[in-house]
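Visitor: Next come the chains, spelled out residue by residue.
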Amino acid sequence: MINDKKKPILEIKNLSKVYRTKRSIFGDSGNDVIALDRISFKIFEGEIFGLVGESGSGKTTAGRLIVKLEEPAEGKIYLENVDLTGLKGKGLRAFRRKVQMIFQDPYQSLNPQLSVLNTVSEPLTVHKIGNGKTRQGLVRQAMKSVGLSPPDDYLHRYPHQLSGGQRQRVAIARAMVLNPRFVVADEPTSMLDASISAQIFNILSDMREKLDLTILFITHSLAAARYLCDRIAVIYRGHLMEMGPAEEVIRNPKHPYTQALIDALPKFGDCGDIKHYGTLLRADSEALGGAGCPFYPRCRVAHRTKCCTGMPRLEEISDSHLVACYYALPGSEIVTEGDACFYAT
Amino acid sequence: MVHAVKTDKNISKRFRWIDPFQEGWSIFKESILGKIGLTLLIIFALMALFSFIPPQIDPMYHPMTGVDPEISHSTGPSARHWLGTDFMGRDLFSQLLAGARVAFMVGVSAAFMSIFLGTAIGMIAGYSGKGIDTLLMRLADMIMVMPTLLVILILSSLFGQLNIWTIVLIIALFRWPGVSRVIRAQTLSLKQRPFIEAARVAGASHLRIIFRHIMPNVLPLSFLYMTFRVTSAIIIEAALAFLGFGDPGTVSWGMMLQWVWKTGHMFNAPYWLLPPGICISLITLSFYMLGRAMDEVLDPRLRKEEGAG
Amino acid sequence: MALLEVENLSIGYRTRKGYLQAVEGVSFCLEEGKSLGFVGESGCGKTTIGMALMGLLPPNGQVTKGRILFEDKDLLQLSDSNMRSIRWQKIAMIFQAAMNALNPVHRVDDQVAEAIQAHNPDLGKTNAMKQVEGLFQLVGIPEDRMRDYPHQYSGGMKQRAIIAMALACRPKLIIADEPTTALDVIVQDQILKETRNLQREFNLSMIFISHDISIVADVCHDIGIMYAGQLVEYGSREEVFRSPCHPYTRALISSYPTLTGKKSQLTPIPGETPNLINPPAGCRFCDRCPGARTSCKTEPPAWEEVGPCHSALCHERKL
Chain X
41 MINDKKKPIL EIKNLSKVYR TKRSIFGDSG NDVIALDRIS FKIFEGEIFG LVGESGSGKT
101 TAGRLIVKLE EPAEGKIYLE NVDLTGLKGK GLRAFRRKVQ MIFQDPYQSL NPQLSVLNTV
161 SEPLTVHKIG NGKTRQGLVR QAMKSVGLSP PDDYLHRYPH QLSGGQRQRV AIARAMVLNP
221 RFVVADEPTS MLDASISAQI FNILSDMREK LDLTILFITH SLAAARYLCD RIAVIYRGHL
281 MEMGPAEEVI RNPKHPYTQA LIDALPKFGD CGDIKHYGTL LRADSEALGG AGCPFYPRCR
341 VAHRTKCCTG MPRLEEISDS HLVACYYALP GSEIVTEGDA CFYAT
Chain Z
69 MVHAVKTDKN ISKRFRWIDP FQEGWSIFKE SILGKIGLTL LIIFALMALF SFIPPQIDPM
129 YHPMTGVDPE ISHSTGPSAR HWLGTDFMGR DLFSQLLAGA RVAFMVGVSA AFMSIFLGTA
189 IGMIAGYSGK GIDTLLMRLA DMIMVMPTLL VILILSSLFG QLNIWTIVLI IALFRWPGVS
249 RVIRAQTLSL KQRPFIEAAR VAGASHLRII FRHIMPNVLP LSFLYMTFRV TSAIIIEAAL
309 AFLGFGDPGT VSWGMMLQWV WKTGHMFNAP YWLLPPGICI SLITLSFYML GRAMDEVLDP
369 RLRKEEGAG
Chain Y
-14 MALLEVENLS IGYRTRKGYL QAVEGVSFCL EEGKSLGFVG ESGCGKTTIG MALMGLLPPN
46 GQVTKGRILF EDKDLLQLSD SNMRSIRWQK IAMIFQAAMN ALNPVHRVDD QVAEAIQAHN
106 PDLGKTNAMK QVEGLFQLVG IPEDRMRDYP HQYSGGMKQR AIIAMALACR PKLIIADEPT
166 TALDVIVQDQ ILKETRNLQR EFNLSMIFIS HDISIVADVC HDIGIMYAGQ LVEYGSREEV
226 FRSPCHPYTR ALISSYPTLT GKKSQLTPIP GETPNLINPP AGCRFCDRCP GARTSCKTEP
286 PAWEEVGPCH SALCHERKL
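Chains as they are written, first to last, in this note's numbering: chain X, 41 to 385; chain Z, 69 to 377; chain Y, -14 to 304.
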């Protein structure tokens, strides 16, 4: 549910991040990798916001900047109107209580030497919440809420005794035990079997309901984003390409890249009325230097001069649906072809 | 509530602190090197333990001061002196036992100290990075290239005879860089692991991350290196003692060798020369083999094929 | 006539914790030019089947029962050297995370040429190179990128090179184990499309192994759903997806997010997979099955025909 009356909990303004590769001593400038290029968006209180993109699109970088694992090169991040850049001491501690992260790989994100109890209670210990007894109570509660019940079965186990899905649930319990306001979930299911993923999706969506949480859900799968998210932003090579209500972006994608993503998703079962757009020109291609649209080299509809000289701005084409493409404006519809469903062939 | 009933059923599934040791032990048991090493070490440990017994039986068996009143020169093995006596009639067997005690003392304490230093410095260097890392690692490089034995020789010629604990301390001070390099590398790779980042996101301080998250993950490696450090400490001490720079107040195997050599019994008293020589070789070998076997326990890649599902 | 016929295949591993029955009583057959997909969670034994077909089980793994008939020869009875001549020549495999299998210090085309020459020692270097050129064209690697090193390739290109390598000896059967797991959706889609085209072009038989039901649905004619070491449902793609019979298949399909349908329809499978060292006596899925009855716990289910070329391992149909 998108609601304009809701106030934004997180606001990102012109955020950039550049990774410098090592320069050689011979004065070779090296290649700077621009992970994020001046992106701006807002996330409203209580929503699940999906950031969808391929590997290397900068989606993980955005998440890491928000939880302050890294510092931006440029731009500002505001959480509840507090500027995060240069946050230190008390302010940083308060921020750490409010924002948590769920990592991609549950096999890597739990300390192998710590039991489940110690892992989940760590944030409580760090923030000096409660004493030994009350902490265990909070841990039990968090574990029940992620479906690890009865908690006593798991409290004294170690990560290597848990399955991937159980580990990820422990990681979610650790993030939730502080009762945070905002959680960044960085591809929480990409390392898990498809059948386990649904459990994780449901836990996240329950959490949102119960704890009045706001979630930034980072994923490479539009289908997962559609299931979980209220709004979706599609990111490609550090640029936001399209942003809008989830159902709208998937039903009515305007950017050729979003359309290519939808085309590429394997389809099975009831395909319904999914169209095939055929906007993709080439599967692999190098990044385009300069000012043009980053998707230009792979875009079938792109115009030779227009698209490679200037990056189109993210513009609202209908109610809260924003697209960064010259061809997405009303009146310049893209021709579509073919059928995506195997039953029809 | 439900908990109480449930736990009973799952008690067998529970993880006890002893479990990793049991698992490690079952892997260790399969290593031939480990078994030989451990057996030898147990023998040496028993020797060190029993070194207190001969002086209790008769003061003449005291390894340092006990002289057999009836013997005034080196004699071969006999019922009275199982391995014979040295040039002034001291019992070689009790000296050998005392030497085991000294070897353990020197080896383990020097290794422990150098591991402590190396682990601490390695973790600090790896975790803090940048300037501190460079500074500490250059220091480590400098110490690493210094020949330990030579430095100790110079020191002892400057300050006269060194006490055994001073020697231990010097060995420790010169032997940490190797360990710290390994620990630093391990810390660097751990620092990138998401569970450290998760702790940061949870708000953990640097100290907490180092002690709670990094240390437990590098300690097994430290202990592995400890077995190798024991070896080098024992060899250094033996070499020093043999060259005449040992602690004159202790009976170590190196010291025994020095006495053989100094009194000119090198080639005519094999009963005196061989036992300490063999003991030095075997104890260093056994620590080394133990280390190799532990390596196998700690590093899954060295293990023999195990089924993947 | 079927190219590959597997009958009642059982494979076990000796592990530190006990004997692990990784695959039990799996039978299927694959005709020339057809593709078969195995879907299941990790640890369900699907990779083990692939390894057994290649004769590449780890030393502690063992085929305990069954036959693997490939062109009417039982692969399990063949000597090592005979097996070696079939492996890669007739049956090739694309391994999980195969992209990492390229040697970083050699040029990609040299590596593929080397693979070709290893099996045709009489072939000269220039001839081998010519073949490589043809292969790369086939899998869609541009000519000017042939002499690159692996690190200059993107993930998709590496995967293409690996597919080229698997095709090098013109095998009859290719086993692809999670060939696109580490790839982005767009690249994955391209690779799958190309595999389908190649398969049609060369009349290849393929076995596709994946945990992702949508990928298998995309490329395979027949589908086998695996659970806890057993094949639980087997049939043509259309049949299996249109009228899934086994509760596990149904659960698997409904737990997968798609672009259409109601949002609320995603239902996860509760519980965890059973331990294969001490597998349950009855149906292995009964603890997680919504429609399980008491008899499911004790009696192992039997195969039931539910339609033409569609069968399931479930008690449900007996009613």
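For the record, the hints were derived by calculation from the structure and aren't laboratory data.
Please note that a few of the clues may not be correct.
These stretches of chain Y come out as covered by chain X in the derived footprint (C-beta under 8 Å, 3 or more residues) [claimed, not checked]: (1) 148 to 159; (2) 172 to 178; (3) 233 to 243.
For each residue, glycine too, the CB sits at the ideal point set by N, CA and C.
Visitor: List in ascending order the numbers of the hints, as given earlier, that are violated by the structure.
Guide: 1
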